[in-house]
Amino acid sequence: MPIQSVNDFVVRFANVNGSGSASANEMFARAVLRMGIPVAPRNIFPSNIQGLPTWYEVRISEAGHLGARGGTDLLVAMNPQTWDKDVATIEPGGYLLYDSTKPLPASKFRDDISVIGVPLTEICNREYSEPRQRQLFKNIIYVGALSALLDIDVAAIEQLIGEQYKGKEKLLQPNIHALHLGRDWALANLTCPLGIRLKRADAVKDRIFVEGNAAAALGAVYGGATVCAWYPITPSSSLADAFTRHCARLRVDPETKKSKYAIIQAEDELASIGVVIGAAWNGARAFTATSGPGISLMQEFLGLAYFAEIPSVVFDVQRAGPSTGMPTRTQQCDVLSCAYASHGDTKHILLFPEDPAEAFEFGAQAFDLADRLQTPIFVMLDLDIGMNHRLCRPFKWDDARKYDRGKVMTAADLDAGKEFGRYLDVDSDGIPYRTYPGTHPSKGSFFTRGTSRDRYARYTEEGAPYADNMQRLLRKFETAKDLVPRPLLAQAPKPTRYGVIYYGSTSPAMDEAIDLIEARGQPVDRLRIRAFPFHSSVSSFIAEHDFVFVVEQNRDAQLRSLIVNECSIDPVRLVPILHYDGTPITARHIAGAVGDHLDKLKVRPLRKVMS
Amino acid sequence: MTYVVKPQFHHPALPKNELGYTHRDYEGSISTLCAGCGHDSISATLIEACFELSIAPHRVAKLSGIGCSSKTPTYFLGNSHGFNSVHGRMPSVLTGANLANRDLIYLGVSGDGDSASIGFGQFAHALRRGVNMVYIVENNGVYGLTKGQFSATADRGSKSKRGVTNNDNSIDLVAMALQLGATFVARSFSGDKTQLLPIIKAAIEHQGAAFIDVISPCVAFNNHAGSTKSFDYVREHNEAVNRLDVITGRAPIKIDYAPGSVQIVEQHDGTKLVLRKLDSDYDVHDRVAAMTFLQTHAAKGQIVTGLLYVDSEPEDLHHHLNTVDAALNTLSEKELCPGSAALEKINASLR
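In the order they appear, the protein sequences are chains A and B.
By our numbering, the letter at position 18 of the first sequence is numbered 18, and the numbering carries on one by one without gaps.
To convert, take the position in the second sequence, counting from 1, and add 1000; that gives our numbering.
Do not take every clue at face value.
[Said to hold, decoys possible] Here are the simulated BS3-like pairs of lysine-lysine, each with C-alpha atoms no more than 30 Å apart in a straight line:
(1) B/LYS1345 / A/LYS258
(2) B/LYS1193 / B/LYS1016
(3) A/LYS205 / B/LYS1345
(4) A/LYS402 / B/LYS1334
(5) A/LYS494 / A/LYS476
(6) A/LYS257 / B/LYS1016
(7) B/LYS1334 / A/LYS199
(8) B/LYS1334 / A/LYS418
(9) A/LYS418 / A/LYS443
(10) B/LYS1193 / A/LYS260
(11) A/LYS418 / B/LYS1006
(12) A/LYS481 / A/LYS407
(13) B/LYS1334 / A/LYS396
(14) A/LYS402 / B/LYS1006
[What the hints assert, rightly or not] For each label pair, taking beta carbons as the anchor points, the in silico distance ranges come out as:
(15) B/GLY1339 / A/SER129: 47 to 53 Å
(16) A/SER296 / B/ALA1326: 35 to 41 Å
(17) A/LYS402 / B/ASP1103: 21 to 27 Å
(18) A/PRO232 / B/LYS1345: 26 to 32 Å
(19) B/ASP1103 / A/ASP482: 33 to 39 Å
(20) B/GLY1339 / A/THR244: 45 to 51 Å
(21) A/ARG393 / B/GLY1339: 14 to 20 Å
(22) A/HIS343 / B/THR1292: 28 to 34 Å
(23) B/SER1029 / A/THR244: 41 to 47 Å
(24) A/SER568 / B/GLY1036: 53 to 59 Å
(25) A/TYR165 / B/ALA1342: 51 to 57 Å
(26) A/ALA490 / B/ALA1342: 29 to 35 Å
(27) B/ASN1169 / A/TYR456: 30 to 36 Å
(28) B/LYS1193 / A/LYS402: 37 to 43 Å
The hints are simulated quantities; they were obtained by calculation from the structure and are not laboratory data.
Model, not experiment: these values are computed from the prediction.
Note that the Cβ used here is the ideal one computed from N, Cα and C, for glycine as well.
Working from the sequences, and respecting the hints, build out all of it.
See the structure below:
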C-alpha cells in the first residue's frame, strides 16, 4: 500500500556533488515553505567539490517537527553510484523518482515501493544542445515534475525563480521554461498527485529560514564585533563568509565608504586566535570561527586568554573528530576540549544555541559576556545547525540595549584617584578592572603575561600570589554561573521520577521524541542546558529525579562527564543516550533508547534494589 | 627573583624632551638578563629613541613572544601597556592589537628562536600583510633561557659553547623580510648604538611594516670563539652600507657630508632620513638590489648592516582593509549596531 500522507513526509534527493543540484533542491524546500508548511532540509555532503555523492533531505512536517526523522518516503534518485543503498532507504510503501531514459533491470527496483520514471535526460537532450545546460536544467526539470506529483503551488516556485534571478533576466525565462517542461511531462504522463502530497497550510507563521552560521555571524555584527580573524575549515568557513557579507552591507560608513570592521584570513588557527586576543586586549570586540581541529591548535593561546583574562569569542562549529574525522558530518564532540581547553587548570564558558535564532542571540551576547567576564567565550554550534537552513523564530533586537563593556577603568577614573590593580578583586566577584592600552600617560598601564603575577600585574613566581590568583579565577567562574543563559525546564504533564538533559542541535529531535516517549506512557521532565558553567538549577534538576538521561551527539558522553565532574553527581544517576555516526540525531533514536531504558528500569527500580 | 623596585630619584637637571619627560620616564623595571647582555643595550637604545622622538610613553604598545628577548619589554617604557604573549606568536597578537587601535605605536620585540624557529610562519605573515609596526629581532643565534641550544639563525658551521657544530643552514631574517615585502628593512648590532639609534627612530617614524634584525651577542652561551654571533666576530665582519640620521618634522636639513655620499629619503609623514652612504652604489629604494647585495656579501662571510631598504610611500594593513580613520576600539553601539529596523528587513528577506 503506497504511503498516504499530506504535509508529513521526507523527500531525499540523491545527487552528484557539483552538478548544480543544490540550488534546485533548495528551491524545492523553499517552495514548500511558501505554501505555509514547515520544512527542515539537511545537506549530507562529502568532503569533495565535484563528483562524489551528495544528498539533500527535506523533512516536511506541518506539525513542525524539524529534527531529522530518518527513513525516506520519496527518493529522487539522480546518482547511479549510490542507487542500491539509496533505494534501500525508502520506507515500505514509499516512492522512487528516477531518470527513466535508460531502461534498468527489474532487479534494480523493489516490489514494495511505487516507481516513477521520468525521462529527464531525454527531455534535456531534446531541448538543449550544450552539455552544461543539459546538466543544470535537468535539476529544474525534476523540480517541475515534483511540483505536479506533490501538488506544489507552481506560482510559488515561479516566484522563487524570479527572486533568485532578479536582475539576471537572461536566466529567468529558461529556468521557468525548464520547470514547466518537467511539470507538463508529469501531468501528461503520470498520475498526479501521489499518495504523499502537499496542501497549503498556515503553520510557518512569521518564522524565518536561515543557516545557523549566517545567524551567528549576524549576531557578531549586532554584538559589536569589529575584528574577525579566521582560517578556512569546514563547517565554520561560512560563518566568516557570512560576517564578511553582513559587514559589507551593514558596516560600511556611508560617507567615507570605509569599513567599520577588519577581517583577516589568517595563516592558521593559531594566528586567528592570536589576532583575536591582541585585538580584544586592545579594547576591540573580536572573534574567530573554527571547528574541532582549530580548537586543538588554539589550545596554548586559549590558556593565555584564560590566565591573562582577555575577552575573546570563539565560534566552534563542531564536526566529527578526532583528528580530521568526518569533516562534513555533524557531532557535539568538542564539549570537553573547549570546556577545559589548554594546559594547566583552566575552565571556559560555553554557550549552546539550539537553532539559528539562538545562534544570533548568543552570538551577540557572547561579546557582552566576554567583556564582562574577561575570558574566552565559546559559542558551540555544530554542522547540523550551522550549515543547514532551519526554520526559527525571527531575530529580535532591542534598540535600547547597550553593550556591556565590562569593568574598564578610564583616564577620568584614574585621575579621580581610583586604585588600579589589574588583578585586584575589588567587587568580590572575581572580576578585576582593566585599562585599554593608551589610556593615561602615567597611570593604569600594566604588563600582560601568561606567567604568574601579583594583584598589581607584577611578575612573581611566589606560591601565595599564584594560588591567590587561581582562587580568584574560580570565584570569577562562580560569578559566570548567574550571567550565562539559564537552562530551560519543560515539565511532563504528570509528575515523574525521570528527567532528560540535552543541548544544542538535539533540540528539535528531543521535542519530537518526548511526544513518542509520552505516548508509551512514560512522562519525562526535560532540561535544556544552554551554557557552561552550569547554573544551580542543573544540580537541583538531577536531585529531583531518580535518573536523568543525558542525550548527546558524541561517543564519550562529554556533557555527562562535565556534569559529573562539575556538579559532583553520582555517575549512576546519569544515563547516557548517545548518537555519533555523523548524521543528526533523530527523535526515533532518542525515543527508542530512552523508552528501552525506562522499560528496564520499570522492572528493577534501582532504589528498591539498593534498599 | 620576583621584582626589584627601581629607585625613582634622578638628577634634577636631567634633560627634558618636548613633552617635558626625561629619559627616566621611558625606563622600565630592572633587567633580569645576564650582565652584559646585548639585549639590554637594545632596550637602552629604544628608551633613547622614544625620548628623543618625544613620544608620549602611553602611546606605545610593546608586545613580545617568549624568550630572553621577549622579556625585555618589561625593562623599558614602564608607562606603556605591554604584552608578553605566547612563544612565536607575537606577530598575530600585535596584528590584532594594531587592528583594534591604529593610533598607537606598536613595538614588537622578538628573538631568533621566537621569530625564525617556532614563530617563522607568523613572522612571515605579519610582514606580508604590512602591519604598521616596528618588529625588532634581538638575534643571538641561540636559545638563552633553556641554556644554549642553536636557533635557526645560527650559521652553518658555527660552534656552540659545548663544542657542537651546527650542520643546519641558517635563516637570514633580513633576506626573508625583503622577500616578504617589509617596507623598511635594516640590520644593526647591539654593540653599535650610533648606528642602531637612528635606525630605530626611523623605523618608528615609518608608517608600515618595519623590520630590524639586531645582532645581539649572548654573553652566557654564544660569545665564544667559533660563534658567528659573538661581539668579536660581528665587529670583524660588519659591513655597514650606510650611516643614518633622522630628522623629524619639518626641520631644515643641514648637510655636511661630502656630495655624492649623502642620500636624503623623505618619508610620507615628512620625516627625513639622511643616509651617509658608505657604499656609493647602494640604492636604498631598490628591493631587488638589496637582496643581491645582501647575498653577495653573505657569501663572502660579511654581515651587512645599515638601512637596507625603505619604501617612502608604504601602504599598511589598514590601508588594504580600507578601515575607518577612527580606532575600531572607540566605536560604540551607535556606530556598530545596525538596529532593529535593519533586522526586520533581514527577517523579511529570510521568509
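Status of the hints after comparison with the structure:
Between B/LYS1345 and A/LYS258 the alpha-carbon distance is near 23 Å, which keeps this suggested pair within the 30 Å criterion. Proposed proximity of B/LYS1193 and B/LYS1016 is supported: the alpha carbons are some 21 Å apart, at most 30 Å. The hinted pair formed by A/LYS205 and B/LYS1345 meets the criterion: a straight-line CA distance of about 16 Å does not exceed 30 Å. Simply put, A/LYS402 and B/LYS1334 have alpha-carbon atoms about 9 Å apart, close enough for the 30 Å limit, and the pair holds.
With a C-alpha separation of about 39 Å, the suggested pair A/LYS494 and A/LYS476 falls outside the 30 Å cut-off, and the hint is violated. Proposed proximity of A/LYS257 and B/LYS1016 is contradicted: the alpha carbons are some 43 Å apart, above 30 Å. Taking the CA atoms of B/LYS1334 and A/LYS199, the gap is about 46 Å. The hint is violated against a cut of 30 Å. For the hint pairing B/LYS1334 with A/LYS418, the CA-to-CA distance comes to about 28 Å; that is within 30 Å, so the pair holds.
A C-alpha spacing of about 10 Å is found between A/LYS418 and A/LYS443, which places the hinted pair at or below 30 Å, so the restraint holds. For the suggested pair B/LYS1193 and A/LYS260, the alpha carbons sit about 42 Å apart, so the restraint of at most 30 Å is broken. Of the pairs offered as hints, the one joining A/LYS418 and B/LYS1006 holds, with about 24 Å between alpha carbons and a cut-off of 30 Å not exceeded. Among the hinted pairs, A/LYS481 with A/LYS407 is consistent with the structure: their alpha-carbon atoms are about 18 Å apart, no more than 30 Å.
Simply put, B/LYS1334 and A/LYS396 have alpha-carbon atoms about 17 Å apart, close enough for the 30 Å limit, and the pair holds. At most 30 Å may separate the alpha-carbon atoms for a hinted pair to count; A/LYS402 and B/LYS1006 exceed this at roughly 43 Å. About 51 Å separates the C-beta atoms of B/GLY1339 and A/SER129, a value consistent with the hinted range of 47 to 53 Å. Against the hinted window of 35 to 41 Å, the Cβ-Cβ separation of A/SER296 and B/ALA1326 comes to about 37 Å, which satisfies the hint.
A C-beta distance of roughly 24 Å is found between A/LYS402 and B/ASP1103, which places it inside the suggested range of 21 to 27 Å. The hinted range of 26 to 32 Å is satisfied by A/PRO232 and B/LYS1345, whose Cβ atoms lie roughly 29 Å apart. At roughly 37 Å, the beta-carbon separation of B/ASP1103 and A/ASP482 lies within the given 33 to 39 Å, and the hint holds. Distance hint for B/GLY1339 and A/THR244: a CB-CB separation of about 20 Å, inconsistent with the stated range 45 to 51 Å.
In this structure the supplied range 14 to 20 Å holds for A/ARG393 paired with B/GLY1339, their Cβ-Cβ distance being about 19 Å. The hinted window of 28 to 34 Å between A/HIS343 and B/THR1292 is violated, with their beta carbons roughly 46 Å apart. Between B/SER1029 and A/THR244 the beta carbon distance is about 43 Å. The supplied range of 41 to 47 Å therefore holds. Between A/SER568 and B/GLY1036 the Cβ separation comes to about 55 Å, which falls inside the hinted range of 53 to 59 Å.
The hinted window of 51 to 57 Å between A/TYR165 and B/ALA1342 is violated, with their beta carbons roughly 25 Å apart. Distance hint for A/ALA490 and B/ALA1342: a CB-CB separation of about 33 Å, consistent with the stated range 29 to 35 Å. The hinted range of 30 to 36 Å is not satisfied by B/ASN1169 and A/TYR456, whose Cβ atoms lie roughly 46 Å apart. Hint check: B/LYS1193 to A/LYS402, Cβ distance near 51 Å, so the stated range 37 to 43 Å is violated.
The structure is inconsistent with the numbered hints 5, 6, 7, 10, 14, 20, 22, 25, 27, 28, although it conforms to all the rest.
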